[in-house]
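Trainee: Given these sequences and hints, build the entire structure.
Line by line, the protein sequences are chains A and B.
Going by my numbering, the letters in the first sequence line up with residues 1 to 464, in that order.
Going by my numbering, the letters in the second sequence line up with residues 465 to 550, in that order.
FYI, nobody ran anything at the bench for these hints, they're computed from the structure.
Cβ atoms here follow ideal geometry from the backbone N, Cα and C, with glycine treated the same way.
Heads up, a few of these hints could be off.
Claimed, not checked - Example chain A residues on the side facing chain B (calculated, C-beta under 10 Å, incomplete): (1) S208; (2) Q211; (3) R212; (4) C351; (5) E429; (6) S460.
Said to hold, decoys possible - Label-pair distances were calculated between CB atoms; the ranges are: (7) B/Q493 <-> A/P295: 49 to 55 Å; (8) A/T11 <-> B/D494: 43 to 49 Å; (9) B/D521 <-> A/D455: 40 to 46 Å; (10) A/D406 <-> B/D494: 45 to 51 Å; (11) A/A19 <-> B/Q493: 21 to 27 Å; (12) A/P173 <-> B/L473: 51 to 57 Å.
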Amino acid sequence: MGFWRLDHPDTNPALIDGATGQGLTYGGLRRRVDAWAGRLGASRKPLVFLLADNSADAVAAYLSALTAGAAVALLPAGVPPDLLASLIDAYRPDRIAGPAIPALGGDYEDQDRLGTLTLLARRRPPEGPDPHADLALVLPTSGTTGSRKFVRLSHRNLRANAGAIAAYLALTPAERPITTLPMAYSYGLSVINSHLLAGGTLLLTGDSPMQRPFWDLMRDGRATSLAGVPYTYRMLARLGLDRRELPALRTLTQAGGALEAPLAARFAAMADARGWRFFVMYGQTEATARIAYVPPERLKDKIGAIGIPIPGGALSLDPETQELIYQGPNVMMGYAEGRDDLARGDELGGCLRTGDLATVDGDGFYRLTGRLKRFVKLFGLRINLDDVERDLAADGGAALACVGDDTGIRVVVEGSGPASASLAARLAERYRLHPSVVCVDSIASLPRLDSGKVDYAALSAGRS
Amino acid sequence: MTFMPPPALDDRLKAAFADALQIPADTVQDDLAYRSIPQWTSVAHMALIAAIEEQFDIMIDTDDVIDMSSFAKARQIVTRYVAVGG
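Mentor: Pasting the structure below:
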């Protein structure tokens, strides 16, 4: 049975919405979900776009879509209007729900309201096949927020990953996690799914640790855990988490890219001193969220490792390339780039080639050593450098190449290409990156291999 | 430390805001607030704090970091640090 059935005692608290102060019990949430599911359903399986903002209504709408048997695509509430328009064009959703939906022209009409959310319906049924019967959720591929590429996840994927996470974190109904990440991001969503399965209480907020309301909710809501990407931990370090009065806090989790070793050691020591459990973890949206974790009691001797596979999963290495391979019931059905792809069934058979290179030690702990594909992780989001390159080249005309690491992206334009400021601004806007991690410069001619392909190694080595 | 007249402080603070949030300096007004513009994200906030600390050679307490929710509030906070420093 899925977590969306909310099978917990009626009077147990399910969530508190930090923005409104509104609380909902499991009974109350279930009634809301049942009522809304009826309004989302249709004679044919619908695709619902949900602009999700970490509110009680967004969580209820998400669960309603799962309950109604719809396929739901989660998008950040602040999705830029031009990106939303291109996604609608590619996927032709039957319904669109969100707190504030940009004007969409003639294809959609106001249908209803789901609490504070607007619900739009497509005037005419979209052309093309219905989503596959197994399809439950589509998520933007980690980080390529500027792209139309989605990950297709089944009900089974969601159930399996929520169950595995609840098991290794030993979640109980006493857990009260505060949301630090957007629910349209697989890690953020996994916190919601696993805690609803365990019957815990979600403290929902769109505020970041850089804002006082976050800490007020953390204290007043007696938060027991928080989840963060490396950037979150940099913020928490700056804000002196160890000096804050947080009597209820007992668990920290970290994923979304490698935490720098000194920061990992610092938080490991802090957790030790405060009696907190600190879980360093690894995953991909392609595996619903979670793939591996380091048991907290092993963290001190395993700093820098991604850990052991989650319950129900298995890790191995490609004998030739050392690529990390994950097998488990949470491996996605496949990718989608448009509506027609949603009709496709499972294409991976539970086996995911991660694109990461790794080694394994005698205790069975895995450690990443590099990447097979050209992508970087910034702020917990995975960004494919080839995608960025294609994207920018499509606008410009001049030859350009994109290199980078987990500290930033560098775009090198050949000759006198488009003004670097406008390229940097476009990159920052499309990928939602702070300009401090984007650098654009020009070069007389790009270094190339004999094949004519850009020599990325030479270009990266030239980085000052 | 030499006496710093308020207009200079305002200009320097505006420059730090414009730089960290990547917005034109003339759009930095008293009512500019966290979340009032898409550019003022948590990442930009970290950059902003660093820029202000460098600009005024001060170390901002964590409580002030999370209270710096608008330009007016930032002026208030920074004025306090600069006054103590002088």
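Trainee: Enumerate the violated hints, using their earlier numbering and listing them in ascending order.
Mentor: 4, 6 and 10
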